[in-house]
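Visitor: Each protein sequence line maps, in turn, to chains A and B. Read left to right, the first sequence gives residues 1 to 295 (our numbering). Read left to right, the second sequence gives residues 1 to 350 (our numbering).
Misleading hints may appear alongside valid ones.
Claimed, not checked - Only pairs whose alpha carbons sit at most 20 angstroms apart, straight line, appear in this in silico EDC-like list of lysine to aspartate or glutamate:
| no. | chain 1 | residue 1 | chain 2 | residue 2 |
| --- | --- | --- | --- | --- |
| 1 | B | K314 | B | E336 |
| 2 | B | K101 | A | D197 |
| 3 | B | K117 | A | D197 |
If you are wondering where the hints come from, they were derived from the structure by calculation, not from laboratory data.
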Amino acid sequence: MNWFFQFPEMGRSELREFKKSIDFAFRDFSRTYGENIENFFEPLLMFLVWFEKLFINTPWPIIIAGILLLAWLGSRSISILIGTLISFLLIGYFGMWEDTMSTLAIILVATILCISIGIPTGIAMARSDRVQIIVLPILDVMQTIPSFVYLIPVVMLLGIGKVPGLIAVCIYAIPPVVRLTNLGIRLVDKAVLEAADSFGANYWQKLFGVQMPLALPTIFAGINQTIMMALAMVVIASMIGVKGLGLPVLRAVSNQYLALGLMNGLAIVVLAIIFDRVTQKFGLRMQKYRKEIKD
Amino acid sequence: MNKKEILIKINQLYKIFGKDTSHALELVKNGMSKDELLEKSNCVLGLNNINLNINKGQIQVIMGLSGSGKSTLIRHLNRLIEPTSGEILFNNTNILDLSIKELTQFRQNNMSMVFQKFALFPHKTILQNVGYGLAIQGISKDVWAEKSVKWINRVGLDGYESYFPGQLSGGMQQRVGLARALATDAEILLMDEAFSALDPLIRSEMQNILLDLQNELHKTIIFITHDLDEALKIGDRIAILRDGSMIQDSGPQNIIMNPEDDYVSDFIKDINRARVIQAKSIMSPTNTKSSGPVISDKMVLEDILQIMSDAPSKPVTVKNEAGKVIGKIAMPNLIEGMKRPKSQGTNITG
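I would like the entire structure built from these sequences, with the hints used as guidance.
Guide: Quick look at the structure:
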C-alpha cells in the first residue's frame with residue numbers, strides 16, 4: 001500500500017537525466033541555430049535602435065509637441081492634453097527624460113509588432129474554428145506562464161540585449177489584441193453578415209467592409225490592453241538588458257533606493273495612464289455612430 | 001395576371017438539419033414525420049418535398065407559423081442555406097449548380113433581400129447602405145451614389161442620406177432596407193417577414209409603399225409572413241407551409257373559400273371575412289344584367305352589403321375589369337360568403 005500514500009514518482013537519477021537531456025538538446029539547438037536566429041532578428045534590432053536614437057536625439061520641445069499633437073488627435077480632450085504636458089515636463093525635470101524615451105521606443109516597437117502579428121492571427125481565428133482551437137491554448141500559456149520561465153530559453157538563444165527583451169514583452173503583450181480581434185469579429189451581428197452575403201459580397205469585402213469596421217472598437221480595446229501589458233513588462237525586460245525606466249527601478253530594488261524606485265515607477269504609471277486615456281477616447285470616438293441611437 | 005410566365009421553379013426541395021442527412025433524407029422520403037425523425041435520428045426536418053412555381057411579376061406570399069420553414073425556404077432561393085436535395089430553377093438554370101463565383105454574380109444581379117430585423121450596416125450612412133449592393137460590384141461612387149439618392153427619395157427619405165441607421169425609427173430603417181434591395185435593379189425581391197417587426201400603422205403604410213412600387217416596377221416578389229391579413233392584402237398567390245411541408249398554394253380568395261385542410265381553416269378562422277372576400281368569389285355566374293346596381297368583381301363583401309342594404313331584394317350585377325357582366329349577387333350569396341367553411345374534422349388549436 002506504499003504507493004497509496006507516497007506518489008509513485010520517477011527515479012531521481014532518471015529524472016536528472018531527463019532534465020539534462022532537454023537542457024543539452026536545447027543548448028545544442030541554440031549553438032547550431034543561435035546565430036541564424038540572431039541574424040533573423042537583426043532588422044528588428046535596427047528598427048528598435050533607430051527609434052530609440054530618434055527619440056533621444058530629437059530636442060525635447062519637439063518630442064513634447066509631437067506627443068501633444070498625437071494626444072489631441074486621439075482624444076480631442078483639453079484636460080488630457082494638459083495632463084500630458086505636465087507629466088512630461090515633470091519627467092524631464094526629474095532627470096528621467098532619456099530613460100522615458102527608451103521606454104517609449106520599445107513600447108512603440110512592441111505595439112507595432114503585436115498589432116501586425118496579432119490582428120491577422122485574430123482574423124484567422126475568427127474565420128476558422130480549427131485555428132481558434134489551436135491558438136486559444138497557446139494564448140493561455142503565454143498569459144499565465146511566469147515571464148521568467150520563457151526568459152530562460154530566449155536568453156539562451158539570443159543572449160542578453162534589446163531583442164530578447166522585445167520578444168519577452170511581445171509574448172506577454174500580444175494575447176489581448178489577438179483575443180479581442182477574434183472576439184470582435186465573431187460578435188458582429190449575423191443578420192448584418194447575411195445581408196452582405198445576400199448582396200453577393202465576397203469574403204474580403206465582408207471582412208474589410210463590414211466585420212473589421214464593426215469590430216474596430218473591440219479590437220481597439222485589445223490594442224489598449226496590449227500597450228498596458230507591454231508597459232507592465234518594462235521592469236522585467238530590463239533584467240535582460242533593455243534600457244529605459246525599468247533599469248533604475250531594478251537598481252532601486254537591489255539597493256533599497258526608495259526615491260529612485262518611486263520616481264521611475266511613477267513615470268511608468270504616468271505613461272500608462274496617458275496611453276490608456278488617449279487610446280480609450282479614440283476608441284470611443286470610433287463608435288460615434290452607436291452613440292446617437294435614439295430611444 | 002393573364003400571362004403567367006414561370007420565373008422560378010422549385011422541385012422536390014428537401015432540407016434536413018443535422019448529421020447524416022442522407023440517411024435522414026431516405027427516412028423522410030419514406031414518409032417519416034418531423035417529430036419521429038427528430039426522435040430517431042436527431043435531425044430536424046426543415047423542408048419536406050417543396051414544389052412551387054413562382055410567376056414572373058407577381059407577389060408570391062409564403063405563409064406559416066414560426067418553425068414552419070418559411071424563412072428556411074426563402075434562404076434557399078439565394079443559397080444562404082444549402083438544400084439537402086432538390087432543385088431550384090431560375091430561367092431554366094439550377095441555382096444549386098452555380099459555382100461560388102456564379103452565385104456571387106447571381107446574388108449581385110438577380111436577387112436582393114429585405115430582412116425582418118432590417119440588417120442595415122450600422123457603421124454606414126443611409127446613402128452607403130442603399131448603395132451597398134452596387135458598391136460591391138465595383139461600380140464607381142458617382143454612379144451608385146446617384147442611384148442611391150434616387151431610391152432614398154423614392155421611399156420618402158429625402159434628406160436622410162448622411163444619417164446613420166441608428167438615428168432612424170424602425171419604419172424608416174425598413175424603408176432603407178427596401179431601398180437597398182431595390183437599388184441593385186434585381187428582378188427578384190426576397191422579403192423575409194420584412195414588415196413583421198413594425199407596428200400595425202407603419203406596417204400598413206409599408207405595405208402600401210410596396211404595392212405602389214410593385215405597380216410601377218413589376219418585380220417578382222417572394223414575401224414571407226405569418227400574418228394572414230398581410231398575405232391577403234399583398235399576395236397574388238399564397239403558399240401555406242406547415243412543419244416544412246407545403247399544404248396549399250393558391251390565389252388568396254381560394255384560400256379563404258376553399259381551405260385545403262383543418263390547418264388552413266384554423267389559420268383563416270379569425271380573419272374578418274367581410275373585409276377580404278371579393279364579389280367574384282361569392283357571385284352566381286351569369287352574363288345577364290340583374291335589377292340592382294353594378295359593382296366591380298373586386299369589391300369586398302362589406303361594401304357590397306352597404307350597397308345592397310338600400311334595396312335588399314334586388315340582386316347586384318358583377319362586372320369584371322373589362323366591363324363585361326360576369327355574375328350576380330343576391331342576399332343568400334352574401335350570407336353564404338360570410339359563413340366559415342366547414343372543417344373536415346375537429347378544429348386544430350395551436
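Visitor: Each hint: holds or not?
Guide: Quick rundown of the hints versus the structure:
1. K314/B - E336/B: The given pair, whose Cα atoms are some 17 angstroms apart, holds under the 20 angstroms limit.
2. K101/B - D197/A: Holds. K101/B to D197/A sits at ~13 angstroms (cutoff 20 angstroms).
3. K117/B - D197/A: holds (15 angstroms)
Of the numbered hints given earlier, the model fails none.
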